[in-house]
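A.B. asks: Protein sequences appear in the order of chains A and B.
Under our numbering, the first residue of the first sequence is numbered 27, with each subsequent residue one higher.
Under our numbering, the first residue of the second sequence is numbered 3, with each subsequent residue one higher.
Derived from the structure by calculation, the hints contain no laboratory data.
Careful: at least some of the hints might be erroneous.
To be verified - Restraint-style ranges between C-beta atoms, simulated for each label pair:
id: 1; chain 1: B; residue 1: Glu106; chain 2: A; residue 2: Glu69; range: 46 to 56 Å
id: 2; chain 1: B; residue 1: Val151; chain 2: A; residue 2: Pro203; range: 32 to 42 Å
id: 3; chain 1: B; residue 1: Gln77; chain 2: A; residue 2: Thr208; range: 29 to 39 Å
id: 4; chain 1: B; residue 1: Leu153; chain 2: A; residue 2: Lys112; range: 30 to 40 Å
What the hints assert, rightly or not - Within a straight-line C-alpha distance of at most 25 Å, the following computed BS3-like cross-link-like pairs (lysine-lysine) qualify:
id: 5; chain 1: B; residue 1: Lys158; chain 2: A; residue 2: Lys103
id: 6; chain 1: A; residue 1: Lys135; chain 2: B; residue 2: Lys93
id: 7; chain 1: B; residue 1: Lys98; chain 2: A; residue 2: Lys109
id: 8; chain 1: B; residue 1: Lys158; chain 2: A; residue 2: Lys135
id: 9; chain 1: B; residue 1: Lys113; chain 2: A; residue 2: Lys128
id: 10; chain 1: A; residue 1: Lys70; chain 2: A; residue 2: Lys112
id: 11; chain 1: A; residue 1: Lys135; chain 2: A; residue 2: Lys109
id: 12; chain 1: B; residue 1: Lys158; chain 2: B; residue 2: Lys137
id: 13; chain 1: A; residue 1: Lys109; chain 2: A; residue 2: Lys154
id: 14; chain 1: A; residue 1: Lys98; chain 2: A; residue 2: Lys171
id: 15; chain 1: A; residue 1: Lys128; chain 2: A; residue 2: Lys178
id: 16; chain 1: A; residue 1: Lys128; chain 2: B; residue 2: Lys138
id: 17; chain 1: B; residue 1: Lys137; chain 2: B; residue 2: Lys93
id: 18; chain 1: B; residue 1: Lys125; chain 2: B; residue 2: Lys137
id: 19; chain 1: A; residue 1: Lys132; chain 2: B; residue 2: Lys137
id: 20; chain 1: B; residue 1: Lys158; chain 2: A; residue 2: Lys98
id: 21; chain 1: A; residue 1: Lys112; chain 2: B; residue 2: Lys125
id: 22; chain 1: B; residue 1: Lys158; chain 2: A; residue 2: Lys132
id: 23; chain 1: A; residue 1: Lys194; chain 2: A; residue 2: Lys178
id: 24; chain 1: A; residue 1: Lys148; chain 2: A; residue 2: Lys171
id: 25; chain 1: B; residue 1: Lys123; chain 2: B; residue 2: Lys76
id: 26; chain 1: A; residue 1: Lys129; chain 2: B; residue 2: Lys98
id: 27; chain 1: B; residue 1: Lys125; chain 2: A; residue 2: Lys101
id: 28; chain 1: A; residue 1: Lys135; chain 2: B; residue 2: Lys98
id: 29; chain 1: A; residue 1: Lys112; chain 2: B; residue 2: Lys123
id: 30; chain 1: B; residue 1: Lys158; chain 2: A; residue 2: Lys129
id: 31; chain 1: B; residue 1: Lys98; chain 2: A; residue 2: Lys194
id: 32; chain 1: B; residue 1: Lys93; chain 2: A; residue 2: Lys109
id: 33; chain 1: A; residue 1: Lys128; chain 2: B; residue 2: Lys98
id: 34; chain 1: A; residue 1: Lys194; chain 2: A; residue 2: Lys103
id: 35; chain 1: A; residue 1: Lys103; chain 2: B; residue 2: Lys125
id: 36; chain 1: B; residue 1: Lys137; chain 2: B; residue 2: Lys98
id: 37; chain 1: A; residue 1: Lys185; chain 2: B; residue 2: Lys93
id: 38; chain 1: B; residue 1: Lys113; chain 2: A; residue 2: Lys135
None of the values given here were measured: they were computed from a predicted structure.
Don't be surprised by glycine CBs; every beta carbon is placed ideally from N, CA and C.
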Amino acid sequence: AGAAWARGLLSWARPERWLASGSFFPLSCIHTSTSLQKIGKWEKKNRIVYPPQLPGEPRRPAEIYHCRREIKYSKDKMWYLAKLIKGMSIDQALAQLEFSDKKGAKVIKEVLLEAQEMAVRKHNVEFKSNLHIAESQTGRGRYVKRVRCHGKGMFGMMKISRCHYFVKLVEGPPPPPEPPKTGFDQAKEYVQQLRNRTLVHTL
Amino acid sequence: VLVLVCSPLPRLRSLLQRCWGRLERGLWPGAFGGKIPPWVPALAVQGPSLVPRGIDDAEAASPQEGVVWMAAPKQRRTVEVNRCRWRHPSKLIAIKRNIDVCPECGNLKQKHILCGHCYAKVKEETRLIRMEIYKKEGGPFNAPAVETVVLYEGEKPTEKDEGKRIIERARKRPSWFVQN
Chain A
27 AGAAWARGLL
37 SWARPERWLA
47 SGSFFPLSCI
57 HTSTSLQKIG
67 KWEKKNRIVY
77 PPQLPGEPRR
87 PAEIYHCRRE
97 IKYSKDKMWY
107 LAKLIKGMSI
117 DQALAQLEFS
127 DKKGAKVIKE
137 VLLEAQEMAV
147 RKHNVEFKSN
157 LHIAESQTGR
167 GRYVKRVRCH
177 GKGMFGMMKI
187 SRCHYFVKLV
197 EGPPPPPEPP
207 KTGFDQAKEY
217 VQQLRNRTLV
227 HTL
Chain B
3 VLVLVCSPLP
13 RLRSLLQRCW
23 GRLERGLWPG
33 AFGGKIPPWV
43 PALAVQGPSL
53 VPRGIDDAEA
63 ASPQEGVVWM
73 AAPKQRRTVE
83 VNRCRWRHPS
93 KLIAIKRNID
103 VCPECGNLKQ
113 KHILCGHCYA
123 KVKEETRLIR
133 MEIYKKEGGP
143 FNAPAVETVV
153 LYEGEKPTEK
163 DEGKRIIERA
173 RKRPSWFVQN
């Protein structure tokens, strides 16, 4: 219990979060502006290293974070694809994306295959099919405003939109879908809420 | 002569009444500089019934252009309302349940559509055969009026291929191209 407490105390000051690899000297890891301008938060999530697990603890499933930035697609249209594959196993997701007619489906398929390969090579995942998609999100990329010519010399301003796509793969079979809420559950919750009420401003 | 007294204050009202009385009796000769007063008392009328209506005038004035009030949104649609519409289940992409495994190559295929991988393979071989035909013919519009037979390495034309044009391909016969 004491070791766990000490681990928890120093968890905020983990230097592994900022180190690219397991190098000894922290000064050598300071990135200058010549390399990638800004490493996004999602890419940094792959760098966290947990301390070794105790013998009795259940095995922590591997988590792989991958993303692709500045995809030439709309973030709202990409969101539908991200919502489709959320919670599926990676094989099922790849199958659905292969036969989808959308432009973003091809991009997301490439991202998933890259992430799968990364998982097997670097993140110590044994079976490449034993992954499921825990999170899949889209983000807004940089927009550019351009002139769009209409007839009769009129013009309008259009915005060329780009998006980012983020995915988190977790080892293990996909979690079973939540059963839909029945009326009985809702009634039980309501009764519980009524029972939780207390008297205020009284003795 | 009735005077319209609009002031509610009794003192002002009595002052006005006294001034008007003096004007009428001629006890105030220098009121308008000796001339006729520009205004004369008139009958006070109560009620909006005789007030000219601007709406009727405007509509009566231009009967050709009848004003059409276009529909316009009254309030901005909030993002919560917009999200309910964008994320409605009918707008989400449906999961496809007609995906199978191709028994030939093992890739995925839809049940009612040919396997993409196998089709690409056949297409490539067809292209190479067509190149051989083009080399043999030498130009457009030279197609002979006989059938064509494709033979691969180590194959001889049989009795059935007597009068047919033979195209040679320099490779082993692919497993999926069955010889008659």
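A.B. asks: Going through the numbered hints above, which ones does this structure break? Give me the numbers in ascending order.
C.D. replies: 1, 2, 4, 5, 8, 15, 16, 17, 19, 20, 21, 22, 23, 24, 25, 27, 29, 30, 35 and 36
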